[in-house]
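Q: Sequence:
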Amino acid sequence: MKKANFVTRFLASVALAACLSAGPVAHAAEDEKVTLNFVNADIVSVIKAVGGHTGRNFILDPRVTGTVNIVSEKPVPRDLLYPMLLSVLRTQGYAAVEGDGFVKIVPEAEGKTGGGPVGEAAAHASGDRIVTRVFLLQNESALQLVPVLRPLVTANNFVAAYATGNAIVITDYASNVKRIEAIIKAVDQPSGGDVQVVPLAHASAIDVAQTLRGLIPEMGAPQGQPGASARAAVGVDARTNSLLVRADNPGLLARIKALAASLDAPGAGAGNIHVVYLRNAEATRIADTLRGLLSGAEASRPAAATATPATAAAAPGSMPGGTPATAAFASSSPAAAPASIVQAYAPTNSLIITAPEPTYRALRTVIDKLDVRRAQVMVEALVVEVQTGKASEVGVQFQGLSGIGRDGRQVIGGTNFSTSPNAATTVGTNIVGLAQNLASLGTGLNLGVVNGTISVPGPDGTNIEILNLGVLARALEGDTGVNVLSKPNVLTLDNEEARLLVGQNVPFITGSYTPSATSATNPFQTIERKDIGLTLRVKPQITEAGTVKLAIFQEVSSISRDATVKGADLITNKRSLESTVLVDDGQIIVLGGLIQDDQQSSIDKVPLLGDIPFLGSLFKYESRSHRKTNLMVFLRPYVLRDASSARALTAERYDYIRDLQGGMGFGTNLLLPPVAPAQLPSLPPKAPQ
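Numbering (this note's numbering), first residue to last: 1337 to 2025.
No wet-lab data here; the hints were simulated from the structure.
Just so it is clear, CB atoms sit at the ideal spot from N, CA and C, and this is done for glycine as well.
Take these hints with a grain of salt, some might be off.
Derived DSSO-like pairs (lysine-lysine); straight-line CA-CA distance at most 30 Å [said to hold, decoys possible]: (1) Lys1885 x Lys1910; (2) Lys1964 x Lys1910; (3) Lys1941 x Lys1964; (4) Lys1910 x Lys1866; (5) Lys1875 x Lys1705; (6) Lys1410 x Lys1514; (7) Lys1514 x Lys1369; (8) Lys1875 x Lys1823; (9) Lys1410 x Lys1369; (10) Lys1410 x Lys1384; (11) Lys1910 x Lys1875; (12) Lys1823 x Lys1726; (13) Lys1593 x Lys1705; (14) Lys1910 x Lys1726; (15) Lys1956 x Lys1726; (16) Lys1910 x Lys1823; (17) Lys1964 x Lys1866; (18) Lys1885 x Lys1875; (19) Lys1956 x Lys1941; (20) Lys1941 x Lys1726; (21) Lys1369 x Lys1384; (22) Lys1885 x Lys1705; (23) Lys1885 x Lys1823; (24) Lys1823 x Lys1866; (25) Lys1726 x Lys1964; (26) Lys1521 x Lys1593; (27) Lys1964 x Lys1823.
Distance ranges between label pairs, derived from CB positions [said to hold, decoys possible]: (28) Asn1966 x Gly1882: 30 to 36 Å; (29) Val1785 x Pro1843: 45 to 51 Å; (30) Asp1436 x Phe1494: 18 to 24 Å; (31) Val1838 x Gly1928: 18 to 24 Å; (32) Ala1881 x Val1533: 30 to 36 Å.
With the sequences and hints as input, model every part of the structure.
A: Have a look at this one:
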């Protein structure tokens, strides 16, 4: 068997040599074509034959062994002999590494370390040559792309990422490297998320952006995917009148750019009429601002042309026809700019602008910057007033009136004290007043000795019958406390004043008229109503740094507890504060306060007798009063910049009120029907955008 195999290989080698040597002679007329027909030929002999025919030098690794089969039914050009040999070697697990003037045939696993073309030479190589290429990525990450390419590289060859230079290094057969190169070029493309700038020459970028947002459905949030971002977005750079476009795929990006280019066309005329719908700002205010801007721009121009007679005849600041405060520019010069007119239409909160395209684009930029959602400020005030009072009275009064009504010389006398630091306790505290009207007896402990009644002369000459009150002893001690807590909250727009009033509208008598008996005029009174309670006026202004400037006025008024409420005798307590402060968002600041400590004492006594220790208490009346008032006003602003923050605050306060309502039910009673507490409905869910 071994001898037969040797003979077969020998005959195949002889046939190969004969074919290759006879090829040039037999086929010289057919462009040096060669007919190959190798069956179970020794690989070493085939390499030697190809080397002799092509003029290449081969260095064979001792491990290169085996047989190959090459069959061609038609003659092939001589230039294909070497590429065909490389393909045959690859199928046998061997690689050809080209060096300087020779080719090394080694096992495939060692081909990546044996050398080979690199750089430009490798880029031009083809077929089954071992080459090394370096690919520099511009958009994708080399570290993320290598795991994708690794299965495409021959098992015994090499692929790795160079993170510092964002490059991929590949050593493989030239044909396979070219295929991988095409894949890298297809993947390493600018991402659809990259922003591209689309400059506009004629149309306003703001108007084009609004049109695109209405026409391109991909600019909205995906249906059924809460929180997912839109597939495309368009921004505006007003300074360069350009669109900033981003899309998740090149096709959508190209479609947006094409539509923007088609909209960027010159207007129909120099005096185009445009309607701009405002989203947040007030049209009348924006119109006034733009008119002032246009008037200032026109005033700053040099007087290069003479005004037309119609313009000269018009009143300053008005157009012919009586339209007030409208910016209109005209000139008799042919080169003068057409008139620019800005008018507000309040029913739809929109602006009507007639202006040349350059002027309109400038105005449109200003409108877009002014027509923004204004932040809101929630102002939370806290008014705390604490009052404490202590009062004490003690004294003894007596009088002797038994001599009244007797003949002859009689003696009457006694003590009569009525001094008190508190006016409300003066009534019903002295012994003479109580003798006339016992019902006016003051509060506290009162002890007296009464001996019937007695008649005394009155002021009109008639006798008045009073009690014969001989002794009155009084003792009183009072302790009062008042705690008033007010927490007004008000929500307003930035730089807009808000006013909150919680209280009553109380009438005050300012005058009266009583006619004479002979007059036919009816009597009447004039009154004036005033608000009594808690008043809060605040005007916030949010600065660029995020702080809040507050111009605030706060007043706390009430009807005095110590006053006798009888028409014009009303007495009101009033505490007001007006200031301008600077507060950080969410921080508490104290606006002001009142700390008042009032101490009063009075002693009525009989001279000398009232100074006697212990016994002197029978001849004096002592009153003491101590009142403390503490009033503090605190303030905390919250800035609400978007709808979500306003909704969160509303939900928090609404849930608080719902909890209070839930606890306002009545207890169970066998005789009365149950009354369930009122239930407020839950807040509706957030509407989809």
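Q: Could you work out which of the previously given hints the structure breaks and list their numbers from low to high?
A: Going through the list in order, the structure violates no hint and respects every one.
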